[in-house]
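Peer 1: One-letter residues, chain by chain:
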Amino acid sequence: ETGVTQSPTHLIKTRGQQVTLRCSSQSGHNTVSWYQQALGQGPQFIFQYYREEENGRGNFPPRFSGLQFPNYSSELNVNALELDDSALYLCASSLGDGSTDTQYFGPGTRLTVL
Amino acid sequence: AQSVTQLGSHVSVSEGALVLLRCNYSSSVPPYLFWYVQYPNQGLQLLLKYTSAATLVKGINGFEAEFKKSETSFHLTKPSAHMSDAAEYFCAVSPTGRRALTFGSGTRLQVQP
Chain U
1 ETGVTQSPTH
11 LIKTRGQQVT
21 LRCSSQSGHN
31 TVSWYQQALG
41 QGPQFIFQYY
51 REEENGRGNF
61 PPRFSGLQFP
71 NYSSELNVNA
81 LELDDSALYL
91 CASSLGDGST
101 DTQYFGPGTR
111 LTVL
Chain Z
1001 AQSVTQLGSH
1011 VSVSEGALVL
1021 LRCNYSSSVP
1031 PYLFWYVQYP
1041 NQGLQLLLKY
1051 TSAATLVKGI
1061 NGFEAEFKKS
1071 ETSFHLTKPS
1081 AHMSDAAEYF
1091 CAVSPTGRRA
1101 LTFGSGTRLQ
1111 VQP
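Here the protein sequences come in this chain order: U and Z. According to the working numbering, the stretch in the first sequence is residues 1 to 114, in order. According to the working numbering, the stretch in the second sequence is residues 1001 to 1113, in order.
Honestly, the hints are just simulated from the structure, not real lab data. C-beta: ideal position from N, C-alpha, C; glycine also. Incorrect hints may have been included.
Stated by the list, open to error - Label pairs and their in silico Cβ distance ranges:
#1 U:70 / Z:1016: 50 to 58 Å
#2 U:18 / Z:1042: 21 to 29 Å
#3 Z:1105 / U:54: 32 to 40 Å
#4 U:62 / Z:1112: 46 to 54 Å
#5 Z:1080 / U:114: 41 to 49 Å
#6 U:59 / Z:1083: 35 to 43 Å
#7 Z:1069 / U:14: 44 to 52 Å
#8 Z:1080 / U:83: 19 to 27 Å
#9 Z:1064 / U:5: 28 to 36 Å
#10 U:14 / Z:1053: 48 to 56 Å
Could you put the whole structure together from the sequences, leaning on the hints where they help?
Peer 2: Below is the structure:
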């Protein structure tokens, strides 16, 4: 059973550019959540997708958007990058059909905005 | 709304000593509580979770945590620290087990030889 995978591992962009991060959920999981972890801080919830529909959103502007595909993999898109977007972006998958689903995290994508 | 406070951004213990990492939560509904560990340059790994069953929860690697509603606490303990326990530890709360996790700011555990 493969775990949660994310690509790319590292990414460097310049201010104003756009970026797409990818996540493959654990086998059998239909829910994907994205988190932003700034240096020295705890992860902050961006949004969650359940069966291809957005299922909750944190306090992030609309330039953060996402998709979930029929195979339950997911993308996080960030437009008009700002310096403060530099962070580790974590994806987590869960079964989505239970009351106490555990979220399993991937290794993250480290984004640096110059 | 939920929130988590982790007291002590850095904790240092000697190998073999007791590990105690503190977590206090605020929640308007009975919470689900989690402890995750993060090793350098890695994602988060679940140590244990509280889901309203037993108040003393045992996790992996010898860690356990006790839910105390009266103190709104969910402190993480391990009787004897090992060098491999050195990492960042995060406490998290969720109104259900399925939705967004709200994390604390983390506690970095150092284990001295």
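Peer 1: So, for every hint listed, does it hold in this structure?
Peer 2: Here is how each hint holds up against the structure:
At roughly 51 Å, the beta carbons of residue 70 (chain U) and residue 1016 (chain Z) sit within the given window of 50 to 58 Å. Under the hint 21 to 29 Å, the C-beta atoms of residue 18 (chain U) and residue 1042 (chain Z), about 27 Å apart, fit the expected range. Distance hint check for residue 1105 (chain Z) and residue 54 (chain U): the Cβ-Cβ separation is about 27 Å, which falls outside the suggested range of 32 to 40 Å. As the Cβ distance of residue 62 (chain U) to residue 1112 (chain Z) is approximately 47 Å, the hint placing it in 46 to 54 Å holds.
For the pair residue 1080 (chain Z) and residue 114 (chain U), the supplied restraint of 41 to 49 Å holds, since their beta-carbon distance comes to about 45 Å. Checking the proposed 35 to 43 Å range against residue 59 (chain U) and residue 1083 (chain Z) shows it holds: the Cβ atoms sit about 38 Å from each other. Evaluation of the 44 to 52 Å hint for residue 1069 (chain Z) and residue 14 (chain U) yields a pass: the beta carbon distance comes to about 49 Å. Range check, residue 1080 (chain Z) to residue 83 (chain U): Cβ separation about 44 Å, and the 19 to 27 Å hint is violated.
At roughly 30 Å, the beta-carbon separation of residue 1064 (chain Z) and residue 5 (chain U) lies within the given 28 to 36 Å, and the hint holds. Taken as a hint, the range 48 to 56 Å holds for the pair residue 14 (chain U) and residue 1053 (chain Z), whose Cβ atoms sit roughly 50 Å apart.
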